[in-house]
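These are the residues of each chain, in order.
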Amino acid sequence: MALITARGLQKRFGDLTAVKGIDVQVEPGEAFGFLGPNGAGKSSTMKMIGCVSPRTAGELSILGLDPATHAAEIKARLGVVPQTDNLDVELSVLENLTVYARFFGISRAEARRRALELLEFVQLTERANDRVEPLSGGMKRRLTIARALINEPEIVLLDEPTTGLDPQARHLVWERLFRLKQRGVTLVLTTHYMDEAEQLCDRLVVMDGGKIVAEGSPRELIERHSTREVVELRFSLNEMDELGSIAEKLDGIAQRIETLPDRLLLYAADGDAAIAEVHARGVVPASVLARRSTLEDVFLHITGRTLVD
Amino acid sequence: MRAWACYHYELIGYRRTWKGSVFSQFIVPVLFMLSIGLGVGTYVDRGGALGAVDYVSYLAPGLLVSTAMQLAVGESTFPVFSNFEWSRYYYAMQATPVRVRDVLGGLLGFLLTRVLVGAGAFLLVMAVFGAVHSPWLLGTLPVAGLVGLACAGPAIAFAARVTSAANFSLMFRFVLIPLSLFSGVFFPVERLPGWLEPLAYVSPLWHAVELSRQFAFGAFTNAASWHAAYLLVWLVAGWFLAHSSFTRRLQK
Amino acid sequence: MLTMVAQAKRASALFERNVVVYKRLPWNIVSGFFEPVLYLFSIGIGVGALVSGTFTVDGEPMSYALFVAPAMMAQSAMSGAMIESAFNLFGKMRYQKLYDAFLATPVGPNEIAWGELSFALARGGAYSAAFLVVMAVMDLTTSWWAVLALPGALLIGLAFGGLGMAIATFLRSWQDFDYVTGIMYVMFLFSGTFAPIALFPAWAQWLVQVTPLYHGVELLRGLTTGQVGPGLIGHAVYLAALAAIGLTIASRRMGKLLLK
Numbered sequence: 001m002a003l004i005t006a007r008g009l010q011k012r013f014g015d016l017t018a019v020k021g022i023d024v025q026v027e028p029g030e031a032f033g034f035l036g037p038n039g040a041g042k043s044s045t046m047k048m049i050g051c052v053s054p055r056t057a058g059e060l061s062i063l064g065l066d067p068a069t070h071a072a073e074i075k076a077r078l079g080v081v082p083q084t085d086n087l088d089v090e091l092s093v094l095e096n097l098t099v100y101a102r103f104f105g106i107s108r109a110e111a112r113r114r115a116l117e118l119l120e121f122v123q124l125t126e127r128a129n130d131r132v133e134p135l136s137g138g139m140k141r142r143l144t145i146a147r148a149l150i151n152e153p154e155i156v157l158l159d160e161p162t163t164g165l166d167p168q169a170r171h172l173v174w175e176r177l178f179r180l181k182q183r184g185v186t187l188v189l190t191t192h193y194m195d196e197a198e199q200l201c202d203r204l205v206v207m208d209g210g211k212i213v214a215e216g217s218p219r220e221l222i223e224r225h226s227t228r229e230v231v232e233l234r235f236s237l238n239e240m241d242e243l244g245s246i247a248e249k250l251d252g253i254a255q256r257i258e259t260l261p262d263r264l265l266l267y268a269a270d271g272d273a274a275i276a277e278v279h280a281r282g283v284v285p286a287s288v289l290a291r292r293s294t295l296e297d298v299f300l301h302i303t304g305r306t307l308v309d
Numbered sequence: 001m002r003a004w005a006c007y008h009y010e011l012i013g014y015r016r017t018w019k020g021s022v023f024s025q026f027i028v029p030v031l032f033m034l035s036i037g038l039g040v041g042t043y044v045d046r047g048g049a050l051g052a053v054d055y056v057s058y059l060a061p062g063l064l065v066s067t068a069m070q071l072a073v074g075e076s077t078f079p080v081f082s083n084f085e086w087s088r089y090y091y092a093m094q095a096t097p098v099r100v101r102d103v104l105g106g107l108l109g110f111l112l113t114r115v116l117v118g119a120g121a122f123l124l125v126m127a128v129f130g131a132v133h134s135p136w137l138l139g140t141l142p143v144a145g146l147v148g149l150a151c152a153g154p155a156i157a158f159a160a161r162v163t164s165a166a167n168f169s170l171m172f173r174f175v176l177i178p179l180s181l182f183s184g185v186f187f188p189v190e191r192l193p194g195w196l197e198p199l200a201y202v203s204p205l206w207h208a209v210e211l212s213r214q215f216a217f218g219a220f221t222n223a224a225s226w227h228a229a230y231l232l233v234w235l236v237a238g239w240f241l242a243h244s245s246f247t248r249r250l251q252k
Numbered sequence: 001m002l003t004m005v006a007q008a009k010r011a012s013a014l015f016e017r018n019v020v021v022y023k024r025l026p027w028n029i030v031s032g033f034f035e036p037v038l039y040l041f042s043i044g045i046g047v048g049a050l051v052s053g054t055f056t057v058d059g060e061p062m063s064y065a066l067f068v069a070p071a072m073m074a075q076s077a078m079s080g081a082m083i084e085s086a087f088n089l090f091g092k093m094r095y096q097k098l099y100d101a102f103l104a105t106p107v108g109p110n111e112i113a114w115g116e117l118s119f120a121l122a123r124g125g126a127y128s129a130a131f132l133v134v135m136a137v138m139d140l141t142t143s144w145w146a147v148l149a150l151p152g153a154l155l156i157g158l159a160f161g162g163l164g165m166a167i168a169t170f171l172r173s174w175q176d177f178d179y180v181t182g183i184m185y186v187m188f189l190f191s192g193t194f195a196p197i198a199l200f201p202a203w204a205q206w207l208v209q210v211t212p213l214y215h216g217v218e219l220l221r222g223l224t225t226g227q228v229g230p231g232l233i234g235h236a237v238y239l240a241a242l243a244a245i246g247l248t249i250a251s252r253r254m255g256k257l258l259l260k
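Chains as they are written, first to last, in the numbering used here: chain A, 1 to 309; chain B, 1 to 252; chain C, 1 to 260.
Keep in mind that the hints are not guaranteed to be accurate.
Claimed, not checked - Calculated cross-link-like contacts (lysine-lysine; reagent style DSS-like; alpha-carbon spacing at most 27 Å):
hint: 1; chain 1: C; residue 1: Lys-260; chain 2: C; residue 2: Lys-23
hint: 2; chain 1: C; residue 1: Lys-92; chain 2: C; residue 2: Lys-260
hint: 3; chain 1: C; residue 1: Lys-9; chain 2: C; residue 2: Lys-92
hint: 4; chain 1: A; residue 1: Lys-211; chain 2: C; residue 2: Lys-9
hint: 5; chain 1: C; residue 1: Lys-92; chain 2: C; residue 2: Lys-23
hint: 6; chain 1: C; residue 1: Lys-260; chain 2: A; residue 2: Lys-20
hint: 7; chain 1: C; residue 1: Lys-92; chain 2: A; residue 2: Lys-211
hint: 8; chain 1: C; residue 1: Lys-256; chain 2: A; residue 2: Lys-20
hint: 9; chain 1: A; residue 1: Lys-20; chain 2: A; residue 2: Lys-211
hint: 10; chain 1: C; residue 1: Lys-9; chain 2: C; residue 2: Lys-260
hint: 11; chain 1: C; residue 1: Lys-97; chain 2: C; residue 2: Lys-23
hint: 12; chain 1: C; residue 1: Lys-9; chain 2: C; residue 2: Lys-23
Hints in this document: simulated from the structure, not taken from any laboratory.
Okay, chain A solo, but in the shape it has when bound (with noise of 0.2 Å):
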């Protein structure tokens, strides 16, 4: 049975449909993404997933329960890690856990005992006892993650996860999220990091303007909206105003050929005999560059390169 199920699920506020009717089905065990530009709908969708939003319209099942009648029962189950850390700056790193524990009903012997554990596995047990606020970013973010998984929950909710994050907060952040999916908890998580997204996520949703455009895992999309490699092709400063013609010189080279402002991307199934054929018809790029397809490929494609913010 799957752990959650949307059926023509919205959102509105106000005049704005935030979410305009989606379909989701997320399975036990499986890590599952919600991709999309912001303002995408991820956020709002999250939310009433986690029931802290009510639906406008449509179906909603989390756990086989639905959130407008039994949220605490749900509540008690999930694991949330919200965009921004909200954590209680009056608090210690410590006692952040073990209060949250308590409004789950958990003992304090269990609550203390539970929250040494967390600490541990977030690589914070030497901050136990500091103040929040002068953790670094990254700090904070995983104590936020500890906290979540404080109730031992099914599914754990991460909306945009390692936003902000430098590097190296962000890989440690990444590999505890995946030795919590070794461990058969469910994660949901929205992100607009495509890196991320091809990390974590075993299948994924594109979301965009309130609505799913694409469905699928990782490699799926890839192969169904992009090639197996792209090769970004530059010129030189006085050949830019050209690139529309020298595009059309391509014609036929790759399955697709993008023009952007400063390079052609030429969508092909091999690269090197793109490379190839782009020499054969006289074409001397200032560089080349044969790369493997991303989902930042699929997504801009699907999504369009406008700037949404």
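Fit chains B and C to the given chain A structure using the hints.
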């Protein structure tokens, strides 16, 4: 003229917040005059406990300087702390040719302006209450300015030293409120219990209250110049204390 | 029944959280007790000495300290409840976003409201009990009815706690709180606290009688001076009604604000 720029900076900030200050600075003392002065005063005057002086006339010059002190101290705590800790504006100033004494001078000048405007308005209220008895009353203005600056110095030093804003509510409750209640504003300090009376003499507010009352009635005693001298000592010592605390905090 | 027990447990977890926080700030808790005591000494006793023999209530001579003390107790019950339920609640809700974290747990908005309110009452009740002891030691309680001043103070706390929470859900910024503080100050000075309202003009007397602190002051004064009559029930009913209205509004608004 760098101090002048700092003064100007304070004034610009005040343009955004002056409305809120009208209540605490102007309406609160008027309400005190009504509630305690007229209310309780009715019974004081009935018994003649203060001799020929009516209670409103007794209370008003004290409230005047007490309000001046509270204003100056209040404006030297959160706003100063905020410029160190939250907006960190003092650190930004440090990157300019402005020196600590310019910042302090500008701040004290600003406080003096505020105290004098508030006290001037309060004199008009006193006229409405019929508490004007002598042309010397205008002399209460410099007394208000003096006590304001004398108490601002230590308050600025305190704000520059503390690391948490929670300390201010403690200072208000354990220092400022007791000072305003037991420095002879509401009743003569001679009526305090014997062990408490000497403490009142240490309070700069008591000296200001005495001096202000003498100006209000135009009747001076030999102690007047001592009161003024005591306040000046606080002013000078407060300046040096504030200056050194400020410098130390900026170096952190 | 079982769900009510679960709800009470969750609300008490919030209470516990506040206890953990304040354990670290003992002086902030203790200092709240001193303010009414200082006023009692300054105005009640200091100024009281100036009116000894001349102070009368309804034509009867009365010790001024006896008159002021219950008013200070009522005022402290009011401000204690308002600080926790209006100011602190607002800060936690709007700025710290603390409740967003709590709502991810089985705790609901109503349980948050009850948890905060019960803490406000416990804190205010402790102050009131301590103040009552000070009054008894200073011989400012003249009857055994004074014991009931403690529940009386809790009722004041409940009324202002409910009112404060309701207000906190409507305000937009700290600047708006200046108005709340202002109104509290006016009530503090004119609710028959320092002088009987019989001195005021008729319109002002009428206005004072509409405001809640006046009823709190009269209730406690009746109990600590032993002048107990049916009027006290009227004051208590007023405060209970205010509590009920405030809490109803607060619990509806909190749900709307927190669960968007």
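For each hint, the structure was consulted:
In summary, the hint linking Lys-260 (chain C) to Lys-23 (chain C) is not supported, as the alpha carbons are separated by about 33 Å, beyond the 27 Å threshold. A hinted pair counts as satisfied when its Cα atoms are at most 27 Å apart, and Lys-92 (chain C) with Lys-260 (chain C) qualifies at roughly 17 Å. For a cut-off of 27 Å, the pair hint linking Lys-9 (chain C) to Lys-92 (chain C) stands: about 21 Å separates their Cα positions. Restraint check: the Cα-Cα separation between Lys-211 (chain A) and Lys-9 (chain C) comes to about 40 Å, which exceeds 27 Å; the hinted pair is violated.
Taking the CA atoms of Lys-92 (chain C) and Lys-23 (chain C), the gap is about 18 Å. The hint holds against a cut of 27 Å. Taken as a hint, the Lys-260 (chain C) and Lys-20 (chain A) pair is honoured in the structure, with Cα atoms around 17 Å apart against an allowance of 27 Å. About 34 Å separates the Cα atoms of Lys-92 (chain C) and Lys-211 (chain A), which puts this hinted pair outside 27 Å; it is violated. Annotation: proposed proximity of Lys-256 (chain C) to Lys-20 (chain A) holds, straight-line Cα distance about 22 Å (limit 27 Å).
Restraint check for Lys-20 (chain A) and Lys-211 (chain A): satisfied, since their Cα atoms lie roughly 6 Å apart, inside the 27 Å limit. Straight-line distance between C-alpha atoms of Lys-9 (chain C) and Lys-260 (chain C) comes to about 25 Å, which keeps the hinted pair within the 27 Å bound. Proximity of Lys-97 (chain C) to Lys-23 (chain C) is assessed by CA-CA distance (about 22 Å); at most 27 Å being required, the pair is judged to hold. In summary, the hint linking Lys-9 (chain C) to Lys-23 (chain C) is supported, as the alpha carbons are separated by about 21 Å, within the 27 Å threshold.
The structure shown violates the earlier hints numbered 1, 4, 7.
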